[in-house]
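> Protein chains in written order, with this note's numbering: chain A, 3 to 595; chain B, 3 to 595.
Note that these hints are calculated values from the structure, not bench results. A few of these clues could be false.
Intra- or inter-copy, both count: the list cannot distinguish identical chains.
Said to hold, decoys possible - Heads up, simulated DSBU-like pairs for lysine-lysine below, C-alpha to C-alpha not over 35 Å straight-line:
1. Lys133 <-> Lys104
2. Lys454 <-> Lys358
3. Lys104 <-> Lys560
4. Lys560 <-> Lys358
5. Lys133 <-> Lys98
6. Lys431 <-> Lys5
7. Lys210 <-> Lys98
8. Lys479 <-> Lys104
9. Lys133 <-> Lys338
10. Lys359 <-> Lys5
11. Lys566 <-> Lys358
12. Lys571 <-> Lys560
13. Lys560 <-> Lys70
14. Lys447 <-> Lys473
These numbers come from a predicted model, not from an experiment.
Residues per chain, in single letters:
There are 2 protein chains.
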Amino acid sequence: MKKYTVSFPSDNLTVDVSENTTLQQIIIEHGLDLEFPCGGMGVCKRCKVNLKSPAEDEFRVQLACQTKVREDLLVEIPKKQKSDKILLEGIERKVKHSPLIKKVYLDLDPPTLEDNRDDFTRLISGNENIKTSLQTLQLLPSLLRENHFQVTAMLMGDEIIDVEPADTTAKVLGVALDIGTTTIAGYLLDLNTGEEIARFSDLNPQTKYGADLISRIVYASQNPLGLERLNRELIDLINRLITRATSAHGYSAEDVVAITAAGNTAMNHLLLKIPPRNLAGSPYVPVVKQAVAIDAIELGIEIHPAGKLFSFPNVAGYVGGDTVAAVLASEVYKAKELDLLIDIGTNGEIVLGNKKKMISCSVAAGPAFEGVQIECGMRGANGAIDHVFINEHEEFAYTVIGDTEPEGIAGSGIVDILAVLLDVGVIDKNGRILKAERIEHPIGKKMAGQIKDVKGKAAFVIYEHPESGPKVYLTQKDVREFQLAKSAIASGIEILMQEYPVKIEEIDRLYLAGAFGSYLNHENACRVGMFPRALLDRATSIGNAAGTGAKLILLSEKEYENSKRISNKMTYIELSSHPDFNGTFLGNIGFVT
Amino acid sequence: MKKYTVSFPSDNLTVDVSENTTLQQIIIEHGLDLEFPCGGMGVCKRCKVNLKSPAEDEFRVQLACQTKVREDLLVEIPKKQKSDKILLEGIERKVKHSPLIKKVYLDLDPPTLEDNRDDFTRLISGNENIKTSLQTLQLLPSLLRENHFQVTAMLMGDEIIDVEPADTTAKVLGVALDIGTTTIAGYLLDLNTGEEIARFSDLNPQTKYGADLISRIVYASQNPLGLERLNRELIDLINRLITRATSAHGYSAEDVVAITAAGNTAMNHLLLKIPPRNLAGSPYVPVVKQAVAIDAIELGIEIHPAGKLFSFPNVAGYVGGDTVAAVLASEVYKAKELDLLIDIGTNGEIVLGNKKKMISCSVAAGPAFEGVQIECGMRGANGAIDHVFINEHEEFAYTVIGDTEPEGIAGSGIVDILAVLLDVGVIDKNGRILKAERIEHPIGKKMAGQIKDVKGKAAFVIYEHPESGPKVYLTQKDVREFQLAKSAIASGIEILMQEYPVKIEEIDRLYLAGAFGSYLNHENACRVGMFPRALLDRATSIGNAAGTGAKLILLSEKEYENSKRISNKMTYIELSSHPDFNGTFLGNIGFVT
């Protein structure tokens, strides 16, 4: 039997293995840091690695569980992933390193009669475009002389925002935030190298004032301290997350000099403590569409005293900075061909276009996919059923995040369950859970026992606790909720195509963004009618594209400018007032059997 | 005898007078508001009026005391002048009206589904270059809706610095300040029309911490609260002056939206509370040379809450924003020919150049001319002897500001006295006050009795009180002080000419700026050696050119940019380290007899 050499340079491991050994076997045997949640079935796609033969120039991405060794290989396992699935994915893009905030160490010559330039001109080496604050000028003469004219200037574009004693360039961190309605995700980056130091996430603490945007906007508008409170909750969490992430890696929160934040329009307003009231009613106008750059301290964010916060520009009341960030990350705005981008969070946003023209709309689609509004729904954390399938024994099977006892169903699991139940005839084309005796499909018949009456309502039971009974199940009402959500997305796509106008064949790429999009089984998503089957082979999951966008602008002034161009260029279609929307929506409610 | 009709439209007066009646006679007879401090001798030039015949298109400027009526005339007396001479003059220049701060009234359409632009985009009518603060955004939605979308935006360049309810464009004021070491002069302008509403002035309250710059810099640097205190004195005075000037004209201090401030480099630092310490010792480096624009509130200046303060850029440690302002006002920086500008305040600054090249220096010349360091010296206020001459009876004579009992000698009076005493041989070429018996000139002999021993020292007595004895006099030490000052100026001119290099014949214009320059008798200034006689017929007094410059930038964004260009373009010659300065200085100490 042939032998090949497989190296994992980052793990200092080189092994010789027999032909057709899978990478999964090697990784498990040597205890390398990669998980196989679906047990190696190639379904969950969480075991992606970068690999190449020693002779090749470029790495390619493959699933470790599906890769059999048939040549010598160099393998790189992506950085450690946390157990919280939501944030794991994210497309990577190379950008010219030019962070929004920079530190520059200056070792200046002291003044002489021959060189008697003023202190500030000395600091800026005669670059007359550079400005600074009065406070910096007031402190400058002592700072220079007490430090032998060796100082570090902190720059935002053409502005010196702070001057520090000696050389402090070693620690310059940035934080990219994706502020979702339900979840806050963050990335701690080293702004010197562009490297990611840590990822973190937490539930948006505003959820206690309402799971959906409208109820939060109403809370902010109708309570005297409502806006203050919602803003404070968010700021407090951001402060906690940054303090925790920095101290875990030997840094302090004061090392963070810049924060970029991608959020939908309402989140953007709540983050900036700008009244969101008029987003709640027609004509849904934001207060500000433009990107906002402010002193972080203005919002009580506890980072470097001169640190800045940059928000993404919005497009309209319900297409916000997170969509702009996703368009930036996916490069739809640069595309020569035609791209369709679906970003599904608590709300869903859809963008159709390319470098010439981009149109967008928003659909109230998300909660069902995030596990909200689904009785046993939950986000993609430990205990969540994330994938469901009919296994090789033609039996109903599923995987659970963390391999624990099931606690609920993640969004991707719901899509899978519905696809399976439609395939095996447990649910009909109208979305009805059939009575056991009406099921005809042989595999469906085997599952008939799972159709039960739970709390007086028809439900399909996925997991039953040995003692307490049905624990994780899908109710008839859940199916209805899902139908509303998937129809909204399908209808949004249709209206955008009609408005552009463009035919389905002309769309070259479908990007599925958002945590949910990352774990979605594309085949099943088509099966349940979320997007047209014609796009199946053109679909790519791009993970948390909004978060990636936030990282991009943190590292690149040019990408920040691009984000502004995207916002200015993209037009918005208000579906609620579109004459064809209701008809299209009703037409997409059912399933195809 | 022929009769002519003379009209004063602003005073509602029309009179018929005989040929050759002077305007002075008419003005005094009818009690119009114009003073003749030199009694109508054509010396002080304070009785300028604008006049034309009814058939002419343009007014010309003439001295009322020297104008004999020989045709019908329309006469306009310039606005009321205060009794304090220091601030009365000032060259006027037309500028394109584009104030640094503008108010714009906006009557906007409320949003609809067809026009659902965000509030801020609506406000800026899609001009994406315009920015604003977070605070403005936070207040914007309520402000727009509570005022039916009728608001006033306050703009600084591309930045909306405030939004106010309804239409507040009627009251938009600006204040131009000339912050001298000894005197603060100010102009209250209507920024809608560019018109001057009021002038005001006061002594710089910092004088109690030292008359000269060095002692104030030392005070600011050596006392823990020194800088704070000097700054506070200035700010408090500015607040008082603005409150008084605005309320006297039916406005409030909050109607003032912009302040421009021209001051020397040290005053600039003290105004901005920037430590001036390094200006006191070689190599005399300022902290900042650049123009600074800040929120007035940052310095505790109590004008409009969003009002701004703009300082002029400096050139070097001892050529500051006031010189830049004077160059701006005199348009030396635009000249095709070669100009020499001498601005004499408490310090003296000299600029030589044109649009191609400008060089400058500073001389410690001023105090003698401002009446400081002269025993009976005083500033040009009531009671000051401002002009001295030999009258038609060949007797020593003088005029006193306010026609009161003499209290002291103004700078212009000192120049005159010395010129007269030199002419009549009371002082010799070395500056010595001769003993009575050594005087040879017949007029000098008549004045010999005025040479007395005052407090044990030789002095020339100008005014003796009937009871208490010598009250206003010039001591031998005063003459020595003056010699140092005039030599400094003459030597500064010489060194600049040498450095440029240029010959005296090549200089096309001499501008004499500053209050002192305005009242100076040019002939006498040459007589005492302040500037070369070759320039006498090319000399023009341009009054408080620094104040005029401050008005110009207040009214014109373009002039503000020009001031920055002037600062960048002008080079500075440090006389104290110039190898030829000491020799030149000693060569200019004496007088020419």
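> Have a look at Lys133 and Lys104 and pick one of within, between, both or neither, based on CA distance no larger than 35 Å.
Classified as both: same-chain Cα gap 15 Å, cross-chain 22 Å, threshold 35 Å.
> Classify it for me, Lys454 with Lys358: is the Cα-Cα distance of at most 35 Å met within a copy, between copies, both or neither?
neither (53 Å within a copy, 94 Å between copies)
> Given identical chains, is Lys133 near Lys338, meaning Cα to Cα at most 35 Å, within a copy, between copies, both, or neither?
Cα proximity of Lys133 and Lys338: across copies only (32 Å, versus 39 Å in one copy).
> Please work out whether the CA atoms of Lys447 and Lys473 approach to 35 Å or closer within one copy, between two copies, in both situations, or in neither?
Cα proximity of Lys447 and Lys473: one copy only (22 Å, versus 125 Å across).
> Given identical chains, is Lys359 near Lys5, meaning Cα to Cα at most 35 Å, within a copy, between copies, both, or neither?
neither (53 Å within a copy, 81 Å between copies)
> Using 35 Å as the alpha carbon limit, work out where Lys104 and Lys560 are close: within a copy, between copies, both or neither.
Both. Shortest intra-copy (14 Å) and inter-copy (32 Å) distances satisfy the 35 Å Cα cut-off.
> Within a copy, between copies, both or neither: where do Lys431 and Lys5 come within 35 Å Cα-Cα?
Classified as neither; 52 Å inside a copy, 111 Å across copies.
> With 35 Å as the alpha-carbon cut-off, assign the pair Lys566 and Lys358 to within, between, both or neither.
Cα proximity of Lys566 and Lys358: one copy only (16 Å, versus 41 Å across).
> Given identical chains, is Lys560 near Lys358, meaning Cα to Cα at most 35 Å, within a copy, between copies, both, or neither?
within (19 Å within a copy, 38 Å between copies)
> Regarding Lys479 and Lys104, is the shortest C-alpha distance of 35 Å or less found within a copy, between copies, in both, or in neither?
Classified as neither: same-chain Cα gap 53 Å, cross-chain 60 Å, threshold 35 Å.
> Indicate which option fits the pair Lys571, Lys560 if close means a Cα-Cα distance not exceeding 35 Å: within, between, both or neither.
both (16 Å within a copy, 33 Å between copies)
> If the cutoff is 35 Å on CA atoms, where do Lys133 and Lys98 land: within, between, both or neither? Let me know, please.
both (24 Å within a copy, 27 Å between copies)
When the structure is compared with the earlier hints, violations turn up for hints 2, 6, 7, 8, 10 and 13 and for no others.
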